[in-house]
Amino acid sequence: MSALAIRCERLAKQYRIGQREPYRALRDTLTDTVTAPFRRARAALHGGNGRASDGQPTVWAVKDISFDIRAGEVVGIIGRNGAGKSTLLKILSRITKPTLGSAEIYGRVGSLLEVGTGFHPELTGRENVYLNGAILGMRKAEIERKFDEIVSFAEINTFIDTPVKRYSSGMYMRLAFSVAAHLETEIMLLDEVLAVGDAQFQAKCLGKMGEVGKQGRTVLFVSHSLSAVQSLCRRGILLSEGRIVCDGSVDEVIDRYLAKQPASEFLAEPDPYKPTITRAAAQCRESGEIVVEMSFTSPFPLAPPVFGVTIADAGGVVVYGTNTRFEYNDNLPRSMQAGEVRLLIDAGPLRSGTYYLSLWLADHFQNHVELANVLTVEIGQGISEPLRPGRAHIGSIRLDTRWECNSRGSLLKAGPPALA
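No gaps in the numbering here: position 140 of the sequence shown is 307 in our numbering, and each next residue is one more.
No lab work stands behind these hints: they were computed from the structure. Every value quoted in this text rests on a predicted model; they were computed, and no experiment measured them. Cβ atoms here follow ideal geometry from the backbone N, Cα and C, with glycine treated the same way. Some clues are possibly wrong.
[Said to hold, decoys possible] Taking lysine-lysine and the BS3-like style, the derived pairs with C-alpha atoms no more than 30 angstroms apart in a straight line are:
no.	residue 1	residue 2
1	Lys375	Lys313
2	Lys375	Lys441
3	Lys332	Lys307
4	Lys313	Lys381
5	Lys313	Lys371
6	Lys332	Lys375
7	Lys332	Lys371
8	Lys371	Lys381
9	Lys313	Lys332
10	Lys307	Lys381
11	Lys307	Lys375
[Claimed, not checked] Computed spacing ranges between beta-carbons, pair by pair:
no.	residue 1	residue 2	range
12	Arg275	Glu456	41 to 47 angstroms
13	Glu436	Ser416	43 to 49 angstroms
14	Pro224	Ala301	38 to 44 angstroms
15	Asn248	Asp513	21 to 27 angstroms
16	Asn248	Glu353	57 to 63 angstroms
17	Asn248	Gly304	28 to 34 angstroms
Starting from the given sequences, assemble the full structure and let the hints guide the process.
This is the structure in structure tokens:
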């Protein structure tokens with residue numbers, strides 16, 4: 168059995184809500200060292216009440232986390248926003264101290280938590296390579312040996328002696344990632360590092376991280392890209408509300424994560440003067456199908472009603488959109504005053520990640536009601552298939568869809584059960 172690389176025992180981190188950490192002098196650090204055992208004992212006694220000893224509200228970013236990682240393991244850590252993933256890596260990187268428990272690291276650690284930290288805008292790319300490499304723990308001889316490889320990987324050879332303040336954001340991030348990725352460490356902690364650059368460079372980053380794993384180095388990889396996690400990792404850890412809910416094979420953990428995705432929901436009171444979407448919900452099922460539901464009411468008949476949905480990626484770019492006028496203009500009731508519609512979307516062609524859904528309702532494109540980015544869905548593994556927009560959709564991706572409608576008082580088509 169390989170040697171131990173990381174051991175966490177009953178690890179926990181508590182934050183006071185709304186409080187900034189004050190400036191710390193040396194005497195504060197020495198005082199904390201002496202009083203730490205007493206503070207830990209007090210926190211253990213009062214850890215479950217959600218308040219600090221001074222009565223200020225607190226939150227546990229991570230709580231009671233224990234696991235061992237052997238040398239050479241590549242482990243993916245997944246979970247919803249706020250699950251505690253980044254906090255866990257910051258504790259392991261020694262950026263922040265745990266409130267309770269311990270984290271033991273055996274080996275030289277390299278962290279890619281905030282790509283580009285340490286770059287100075289007035290310095291050239293060349294100067295920042297040396298500066299950033301030193302910050303990340305690389306010796307000068309190591310940087311010189313790796314310099315040409317770093318610049319070539321970042322694809323900025325022509326601009327290496329230009330101040331980075333003149334770089335585009337993509338050039339800046341490519342160089343920062345390249346420096347960090349070429350750091351020779353025994354343990355790497357990666358937090359959403361594949362979110363830099365364009366699609367081609369992201370694929371290049373993924374390949375580089377794959378090489379790191381094959382070199383026998385220990386890797387902890389945090390990402391919302393489930394396909395990247397599945398590609399790089401054999402083991403997965405699922406976090407929820409600061410706790411481990413599943414630790415096992417990466418396929419098992421991803422299945423558990425997708426199965427636990429709650430429906431995103433929106434509720435509103437009817438407006439007596441205009442049409443209102445009173446309820447909306449969306450969920451991505453294990454089958455890879457997105458189910459979107461809308462309920463509406465109107466003080467007057469909509470003749471005919473037009474329902475629309477657009478899907479935007481995490482960067483706000485609309486990748487798909489459609490509406491009932493495009494697809495089923497002749498199949499919906501000619502007039503509705505209240506009812507429910509359901510849109511079933513095959514999400515297979517979408518990349519994995521978080522997507523935002525906007526909804527709208529209109530009366531033949533009059534009396535327009537829009538809910539912008541009101542719902543979210545998490546997509547598992549998928550492959551993007553960019554196609555030219557057609558008459559029946561908006562955006563760069565063509566998706567298979569099916570509309571269903573229940574008109575109150577006049578049942579048009581019985582749909583499947585409501586979202587689980």
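Hints, one by one, checked against the model:
1. Lys375 with Lys313: 14 angstroms, holds
2. Lys375 with Lys441: Roughly 54 angstroms separates the two Cα atoms, so the pair is violated.
3. Lys332 with Lys307: 24 angstroms, holds
4. Lys313 with Lys381: 19 angstroms, holds
5. Lys313 with Lys371: 18 angstroms, holds
6. Lys332 with Lys375: Holds, at roughly 26 angstroms.
7. Lys332 with Lys371: Holds: Lys332 and Lys371 sit about 24 angstroms apart, inside 30 angstroms.
8. Lys371 with Lys381: Measuring from Cα to Cα gives roughly 15 angstroms; hence the hint holds.
9. Lys313 with Lys332: Roughly 23 angstroms separates the two Cα atoms, so the pair holds.
10. Lys307 with Lys381: 26 angstroms, holds
11. Lys307 with Lys375: 22 angstroms, holds
12. Arg275 with Glu456: 41 to 47 angstroms: Holds, at about 45 angstroms.
13. Glu436 with Ser416: 43 to 49 angstroms: 46 angstroms, holds
14. Pro224 with Ala301: 38 to 44 angstroms: Since the Cβ atoms of Pro224 and Ala301 sit about 40 angstroms apart, the hinted range of 38 to 44 angstroms holds.
15. Asn248 with Asp513: 21 to 27 angstroms: Since the Cβ atoms of Asn248 and Asp513 sit about 25 angstroms apart, the hinted range of 21 to 27 angstroms holds.
16. Asn248 with Glu353: 57 to 63 angstroms: 30 angstroms, violated
17. Asn248 with Gly304: 28 to 34 angstroms: 29 angstroms, holds
This entry does not satisfy hints 2, 16, going by the numbered hints stated previously.
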